[in-house]
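Visitor: Protein chains in written order, with the working numbering: chain B, 1 to 332; chain X, 1 to 426; chain U, 1 to 276.
Don't take each hint at face value.
Said to hold, decoys possible - Per the computed footprint, the stretches of chain U lying under chain B, defined by three or more beta-carbons under 8 Å from a beta-carbon of chain B, are:
#, segment
1, 70-78
2, 100-111
3, 124-133
None of these hints come from the bench; they were simulated from the model. The structure presented is a predicted model; accordingly, all values stated were derived computationally and were not measured. Yeah, the Cβ is synthetic: ideal placement off N, Cα and C, and Gly gets one too.
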Amino acid sequence: MSVQTEGTDTAGEPAVHKARLPAPPAGGDGGSAPSARRGAAAPYLLLLPALLATLILLGWPLVKNGMLSFQNLNPRQLIQHLTEWNGGDNYREVLTGSDFWHVVERSVVFTAVNVVLIMLLGTLIGLLLARLGKRMRLLLMLGLVLAWAMPVIAATTVYQWLFAQRFGVVNWVLDRLGWHSMADYNWFGSQLSTFSVITLLIVWQSIPFVAINLYAATTTIPRELYEAASLDGAGAWKSFTSVTLPFLRPFLYATTFLEVIWVFKAFPQIFAINEGGPDHLTETLPIYAFVEGVGNQHFGVGAAISFLTVLVLLVITSYYLRMVLKQEEDEL
Amino acid sequence: MKRKLAAAIVIAGMMVSVSACGGDDDKDTGKNAGPDSFKGQTLTVWTMDGSAPPQWSKDVRAAFEKKTGAKLKFETQKWDGIQQKITTALSESNPPDVLEVGNTQTPAYAATGGLAELGDLKQEIGSDWTPSVSQSSVFDGKQYAAPWYFANRVVIYNKKIWAKAGIKDTPKTRDEFFEDLDAIDRKTDAEPLYLPGQNWYFFDGLTIGQGADLVKKQGDKYVSNLGDPKVSAAMELYKKYAAYSKAPKDKDEATPQQATIFAKGRTGAFIGMGWEAGTAIQANKSIEKDLGYFTIPGESADKPEGVFLGGSNLAVAQGSKKQALAKEFLKIALSDQYEGRLAKLNGVIPNKESLESNLEGNGAAEAAAPGAAAGGTTPLIPEWAAVENTPNPIKSYMTAVLNGKSPAAAAKQVEGEINKRLAQQN
Amino acid sequence: MKRSVFGRVWPNATAGVLFAGFVFPVYWMFATAFKPTGDIIAESPVWFPADVTAGHFAKAVDADHFWTLVLNSVTVTVSAVLLSLVIALFAAFALARMRFRGRRGFIVTFMLAQMAPWEVMVIAIYMLVRDNDLLDSLVPLTVFYAIMVLPLTILTLRGYVAAVPKELEESAMVDGCTRTQAFVRVIFPLLAPGLMATSLFGFITAWNEFPLVLILNKDIEKQTLPLWLSQFQTAFGDDWGATMAASSLFALPILVLFIFLQRKAVSGLTDGAVKG
Numbered sequence: 001m002s003v004q005t006e007g008t009d010t011a012g013e014p015a016v017h018k019a020r021l022p023a024p025p026a027g028g029d030g031g032s033a034p035s036a037r038r039g040a041a042a043p044y045l046l047l048l049p050a051l052l053a054t055l056i057l058l059g060w061p062l063v064k065n066g067m068l069s070f071q072n073l074n075p076r077q078l079i080q081h082l083t084e085w086n087g088g089d090n091y092r093e094v095l096t097g098s099d100f101w102h103v104v105e106r107s108v109v110f111t112a113v114n115v116v117l118i119m120l121l122g123t124l125i126g127l128l129l130a131r132l133g134k135r136m137r138l139l140l141m142l143g144l145v146l147a148w149a150m151p152v153i154a155a156t157t158v159y160q161w162l163f164a165q166r167f168g169v170v171n172w173v174l175d176r177l178g179w180h181s182m183a184d185y186n187w188f189g190s191q192l193s194t195f196s197v198i199t200l201l202i203v204w205q206s207i208p209f210v211a212i213n214l215y216a217a218t219t220t221i222p223r224e225l226y227e228a229a230s231l232d233g234a235g236a237w238k239s240f241t242s243v244t245l246p247f248l249r250p251f252l253y254a255t256t257f258l259e260v261i262w263v264f265k266a267f268p269q270i271f272a273i274n275e276g277g278p279d280h281l282t283e284t285l286p287i288y289a290f291v292e293g294v295g296n297q298h299f300g301v302g303a304a305i306s307f308l309t310v311l312v313l314l315v316i317t318s319y320y321l322r323m324v325l326k327q328e329e330d331e332l
Numbered sequence: 001m002k003r004k005l006a007a008a009i010v011i012a013g014m015m016v017s018v019s020a021c022g023g024d025d026d027k028d029t030g031k032n033a034g035p036d037s038f039k040g041q042t043l044t045v046w047t048m049d050g051s052a053p054p055q056w057s058k059d060v061r062a063a064f065e066k067k068t069g070a071k072l073k074f075e076t077q078k079w080d081g082i083q084q085k086i087t088t089a090l091s092e093s094n095p096p097d098v099l100e101v102g103n104t105q106t107p108a109y110a111a112t113g114g115l116a117e118l119g120d121l122k123q124e125i126g127s128d129w130t131p132s133v134s135q136s137s138v139f140d141g142k143q144y145a146a147p148w149y150f151a152n153r154v155v156i157y158n159k160k161i162w163a164k165a166g167i168k169d170t171p172k173t174r175d176e177f178f179e180d181l182d183a184i185d186r187k188t189d190a191e192p193l194y195l196p197g198q199n200w201y202f203f204d205g206l207t208i209g210q211g212a213d214l215v216k217k218q219g220d221k222y223v224s225n226l227g228d229p230k231v232s233a234a235m236e237l238y239k240k241y242a243a244y245s246k247a248p249k250d251k252d253e254a255t256p257q258q259a260t261i262f263a264k265g266r267t268g269a270f271i272g273m274g275w276e277a278g279t280a281i282q283a284n285k286s287i288e289k290d291l292g293y294f295t296i297p298g299e300s301a302d303k304p305e306g307v308f309l310g311g312s313n314l315a316v317a318q319g320s321k322k323q324a325l326a327k328e329f330l331k332i333a334l335s336d337q338y339e340g341r342l343a344k345l346n347g348v349i350p351n352k353e354s355l356e357s358n359l360e361g362n363g364a365a366e367a368a369a370p371g372a373a374a375g376g377t378t379p380l381i382p383e384w385a386a387v388e389n390t391p392n393p394i395k396s397y398m399t400a401v402l403n404g405k406s407p408a409a410a411a412k413q414v415e416g417e418i419n420k421r422l423a424q425q426n
Numbered sequence: 001m002k003r004s005v006f007g008r009v010w011p012n013a014t015a016g017v018l019f020a021g022f023v024f025p026v027y028w029m030f031a032t033a034f035k036p037t038g039d040i041i042a043e044s045p046v047w048f049p050a051d052v053t054a055g056h057f058a059k060a061v062d063a064d065h066f067w068t069l070v071l072n073s074v075t076v077t078v079s080a081v082l083l084s085l086v087i088a089l090f091a092a093f094a095l096a097r098m099r100f101r102g103r104r105g106f107i108v109t110f111m112l113a114q115m116a117p118w119e120v121m122v123i124a125i126y127m128l129v130r131d132n133d134l135l136d137s138l139v140p141l142t143v144f145y146a147i148m149v150l151p152l153t154i155l156t157l158r159g160y161v162a163a164v165p166k167e168l169e170e171s172a173m174v175d176g177c178t179r180t181q182a183f184v185r186v187i188f189p190l191l192a193p194g195l196m197a198t199s200l201f202g203f204i205t206a207w208n209e210f211p212l213v214l215i216l217n218k219d220i221e222k223q224t225l226p227l228w229l230s231q232f233q234t235a236f237g238d239d240w241g242a243t244m245a246a247s248s249l250f251a252l253p254i255l256v257l258f259i260f261l262q263r264k265a266v267s268g269l270t271d272g273a274v275k276g
């Protein structure tokens with residue numbers, strides 16, 4: 001079989017086994033000068049759809065959002081299609097209010113706590129997966145996958161039910177364990193308890209991604225590295241720190257980066273559980289932007305907050321982004 | 001205004017249908033029916049979940065299509081997220097032509113310019129609209145909506161539990177009411193009253209009963225008046241009521257629907273709208289025979305408790321291209337025939353006094369009527385709507401007081417937020 | 001390596017406990033959905049439903065236009081995932097296999113795109129869609145969902161493409177394939193698990209999306225299941241049997257999809273999502 005018969009070829013088989021005949025004479029795709037120029041343009045052409053899509057569908061709303069953030073936009077302006085520029089008033093209002101900085105602080109702490117828990121527990125469970133026998137590993141994987149796959153809206157409803165004040169199974173268990181004051185406890189009545197439930201929900205849903213991927217990464221560590229380490233007399237801990245950890249480092253960085261973004265942007269989890277309540281006390285930046293913008297129909301202010309939200313996220317992730325820039329440079 | 005009502009069941013469903021009366025005026029109006037230009041058009045009307053009984057919608061549609069030759073489409077809207085929906089819809093090139101707007105929200109929407117002015121309609125059919133209920137539709141001296149129906153809260157109680165507690169008659173004064181609740185507490189294992197911490201419209205009624213104002217004018221701006229001793233007195237009353245309930249302090253009456261709790265038959269009473277009895281019956285058929293209603297009693301027997309007079313108006317979208325047709329619809333829907341019918345079917349207060357006879361024999365409506373006389377609303381200023389946006393700071397205030405804060409301290413805690421919202425530009 | 005009894009037991013014991021912990025919320029959802037109301041609000045929980053009822057499911061399905069919403073959700077989700085996969089595949093190939101000026105700039109661009117705060121841009125998106133007369137349509141939903149998942153899809157696929165040994169492609173080209181042919185015949189088949197793994201993320205994102213469809217599509221014929229689920233919760237908040245039945249119905253397709261695709265996909269994930 002040759003490449004000329006590609007039309008009837010089965011795509012499933014690796015082509016290397018089939019291509020035996022010599023190459024056909026260079027046709028339109030051959031190595032002539034125009035084609036070389038085409039070769040140089042190829043990566044850009046391949047990237048074009050993705051870039052255009054991103055530019056139009058993300059860039060345009062972002063620009064629009066940026067413009068709205070400099071407008072006085074309330075129901076009256078929205079309904080009558082009025083454009084009322086108000087300079088930096090929205091930003092001034094947000095940045096001089098005391099709320100915003102509290103929310104930033106809360107968002108950062110919330111993100112940090114969640115990401116640390118996710119990465120720590122996720123890594124431990126990933127390493128545990130590597131140590132388990134096949135059957136037990138499959139079982140635990142199944143549990144992880146189920147938690148991972150639960151759609152967020154369904155998951156928040158289930159957590160509300162688990163932590164329901166009356167007939168909630170968590171309160172019942174705590175009561176049975178001797179913690180009788182919890183029998184009728186209202187989890188959504190205070191900041192700390194609401195955040196606890198939200199954190200548990202997010203950590204529960206996020207660990208599987210880290211654990212399963214980390215496990216998959218450990219399977220690619222070449223055996224020889226461990227053998228070499230043990231020849232050097234390294235114990236379990238030493239071979240972990242000298243072999244496993246360095247090998248997993250890029251993975252851990254990348255996953256942490258993704259988790260930071262995901263947790264920071266977590267919206268349905270927080271909003272559906274208690275709408276940022278009680279008393280706005282569990283509002284993180286995205287929730288704050290939504291409540292002020294859409295909820296209060298103060299759209300211009302909402303746009304300003306969402307812009308600031310992106311800035312804060314950029315600051316938080318800048319360390320990693322810089323690292324990627326440098327690392328990619330090295331690769332090339 | 002009813003919020004988040006899941007499904008209003010018509011309590012008066014078994015009542016005699018009045019559709020037979022329709023006959024004769026149809027003939028007159030048939031002749032000078034709308035111009036042919038209406039033919040082929042479709043008028044879209046948004047009503048809120050539970051507002052328009054199916055039978056009523058069907059008959060109004062038939063009458064409308066007969067008279068104008070145009071089609072009529074009712075679209076039922078959920079309360080959840082309705083503000084965003086109405087605001088965005090009014091900005092679109094094809095808005096709903098007619099829409100139901102809660103009376104506390106009407107001034108705010110009128111101020112946005114999204115609602116058409118209806119002065120001529122008011123002149124034509126609205127001369128006898130009850131002034132107190134028409135008031136919420138007036139903004140800057142102009143009529144921006146037509147009053148549709150009104151309702152206020154009553155006490156809905158479980159006769160069986162009250163009898164078990166040895167109570168003979170329904171209470172006529174607030175003190176008697178408290179005594180009865182005490183009796184239920186002592187003599188039965190039922191929860192005397194179901195009152196969650198954030199039934200804010202009941203609290204609003206109490207402030208009206210105390211003669212308190214929630215806002216006051218400072219210069220040319222409105223600011224919170226929550227710290228006023230009269231408001232505090234109303235809140236103390238609320239707290240006293242809430243002490244009879246095991247309901248969550250940080251939830252309102254719709255989460256969960258209080259009627260469904262009541263329907264389980266382990267609650268002495270709750271404070272709600274007449275239609276909520278229907279919700280209870282839907283949840284548990286056997287509760288129907290034990291249901292009773294009475295007016296929320298006030299300080300003395302001759303003066304019932306203040307109530308929040310909730311209600312809905314019908315407005316025409318400014319952006320609608322079918323203004324004339326929309327007005328034809330309003331003329332039919334608000335005619336004595338169909339307005340009276342709605343009052344009868346839903347047990348709600350109609351927009352003119354002459355139609356109130358339709359409420360006779362309806363227990364809930366009869367219990368509501370004395371209260372309505374002492375009814376009031378939230379401040380009728382465009383700025384007010386923002387205060388009620390989720391999360392409503394007054395609800396936070398209520399929860400704080402019920403959790404032990406003094407009313408004055410709790411007021412101080414939320415007044416900043418209320419003032420911020422009142423000061424929002426439009 | 002010799003391990004003590006303890007050393008052999010504890011990983012399994014821990015795994016058992018963890019399994020229970022991760023599965024319990026999912027189990028409890030299904031269990032509650034099948035339990036009669038009396039068992040749901042029992043003074044002590046009924047751990048294993050003895051009486052089973054389908055009543056809650058009947059109530060959940062009994063919504064206006066339920067099947068229209070199902071169809072819309074499936075259409076939008078599948079189209080969005082396919083669209084993003086196709087676009088991402090081109091981009092991923094360029095980023096993984098070619099050297100050109102501005103390459104890392106592109107990578108960082110997609111990383112930045114990954115941070116887009118979609119939920120709080122709904123008003124801006126609404127105004128754009130409104131002004132282009134595209135409200136009440138599935139098309140804007142599809143393309144916006146596709147773009148929401150595009151950045152991560154590109155970054156993940158890039159890893160998969162990179163993981164396909166370059167020699168395979170080169171030898172195919174030596175054997176006379178053009179670069180396009182080499183891609184179609186060599187790389188693509190090897191990428192299948194990667195495509196599956198990547199599509200999972202797209203499925204779950206698009207299936208869940210809520211704020212955008214809420215504001216864009218007021219016509220119930222053009223809405224999707226998350227709206228149904230959230231309205232159902234509001235209306236029947238206290239009826240845990242019915243809300244759990246609705247949640248179960250909503251979650252089931254994704255759970256099944258994950259169990260099927262995930263096992264095939266997991267092996268490839270390592271090099272995928274991983275390599276920044």
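Visitor: Take the hints in turn and mark each one as holding or not.
Guide: For each hint, the structure was consulted:
no., hint, result
1, 70-78, "violated (count 0)"
2, 100-111, "holds (count 9)"
3, 124-133, "holds (count 4)"
Against the hints set out earlier in the document, a violation occurs for number 1 only.
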